[in-house]
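K.L.:
Here is what each chain is made of, one letter per residue.
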Amino acid sequence: MTLRRHHDMGGLDAGPVEDSEHDYAMWEKRVDAIVKVLSTPERKLLSTDELRRGIEELGPGVYDELNYYERWISSATNILLEKGVVSVDELGRKMAEIEARWTADRENLASETRS
Amino acid sequence: MSTKKFNPGDSVRVREAYPPGHVRTPYFVRGCNGQIQQFVGSFANPEELAYGRDGKPEMQLYRVTFKQSDVWQGYQGPAADTLVIDIYEHWLEPIS
Amino acid sequence: MSHDHDHDHHQPHPYQPDIEDKPFSERMVMTQAIAELIVEKGIVSADELRQQIELMDSREPGLGAKLVARTWVDPDFKARVLADVNKASAELGIDTGDIPIMAIENTEDVHNVVVCTLCSCYPRMLIGLPPDWYKSRAYRSRTVREPRKVLEEFGTTIPDDVEVRVHDSTADLRYIVLPARPAGTEGWSEDKLAELITRDSMIGVSLAKSPNTI
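Chains as they are written, first to last, in this note's numbering: chain R, 601 to 715; chain L, 1388 to 1483; chain X, -17 to 196.
I should point out that these hints are in silico values taken from the structure, not numbers from a laboratory. Please read these numbers as outputs of a predicted model, since none were measured by experiment. There is no bait here: all hints are sound.
Below 30 Å or equal to it, Euclidean Cα-Cα: the simulated DSS-like pairs (lysine-lysine) are:
#1 X/Lys69 / L/Lys1392
#2 X/Lys131 / L/Lys1454
#3 L/Lys1443 / R/Lys644
#4 X/Lys48 / R/Lys636
#5 X/Lys23 / R/Lys683
#6 X/Lys69 / R/Lys644
#7 X/Lys191 / X/Lys117
#8 R/Lys683 / L/Lys1443
#9 X/Lys174 / X/Lys60
#10 R/Lys644 / X/Lys117
#11 X/Lys117 / L/Lys1454
#12 L/Lys1454 / X/Lys60
#13 X/Lys23 / R/Lys636
#14 L/Lys1391 / X/Lys60
#15 X/Lys23 / R/Lys694
#16 L/Lys1391 / R/Lys644
#17 L/Lys1443 / X/Lys69
#18 R/Lys683 / X/Lys117
Go ahead and model the full structure; you've got the sequences and the hints to work with.
P.N.:
See below:
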């Protein structure tokens, strides 16, 4: 009996390697930086191994739907919640605040462009 | 101080076990025969680090060479082509 | 599909503002939330986050090209690189951090190519963040099993009498390929040689550029 986990994909069939690359967006660099600063020896709030394990645990569907840094932030956030570094409540409130802020900023930008 | 079980040139087989969890021995090489190419060093065990534990005692890490034709049935390429994979000692068994 | 364009020297696009023309995604919001919370809680300073971004911005393939170019002209330096990339990089003023990087040398007999099938391990602290394709399902699945076909897709043909050696970086090591020095570059300066050394040649999907291309 063998179990191949979804991320463990060496040797599977796949299409051509697509010549895709992009300049990393600011939010992506921010994810990278968050992970790095939380994993310093002084803090040890998150390790690369925990991050990878968390990504592997996202499950096949989510793993494939999310892009690279979306997987990183999903995993990192789950681990920080598990450890109580942030609480679900404060994360929920903060996310709502940011969404409102960005929506308002976008509307202001749009109306400035119109006028 | 833990001692190394293997030396460069030793023939080894990758253990066939398929646990869930954070395993760094790829699926495709389990059960395959290879040869120790070099000893890399001792490192905390990533399988344990993945759960926030300290991963001690440290594990010995080796670079193991495999002939592609030993890993893939019907490998399309010259017989000399190889794969080199970094594998922890506890995933390797000696073969005579 | 061709891979003949080289991404090493193009100017980066301006940073996309967090508020983009497209709707922002849930994970962008999550990222911002985590960033703000860890700063508000005093876990990290905003400065430190910014400095970390700048640090990764400073790592790019040109640093690896500099290293490789010196190995081409200085055999003792090459020996030091083969022994310990991190230490040798420090000689050039490049701090590659704690994760060990190993150099693997292309020769007449062996062509090396690097992949991380399990995730996307890459010598970031020397040559910067990896391209999307390196992290793609297609590259991670196929390179270990049909490396020559994958190399063909990059326009690289390795003769049958040269061994193709695929390195799957599964553990704590990262790898950088030292591409072979092309013929016809005798007497070239290190700076000029570095222009031939592309990111893709340090991953192993390409050879160094030939002298008549620059």
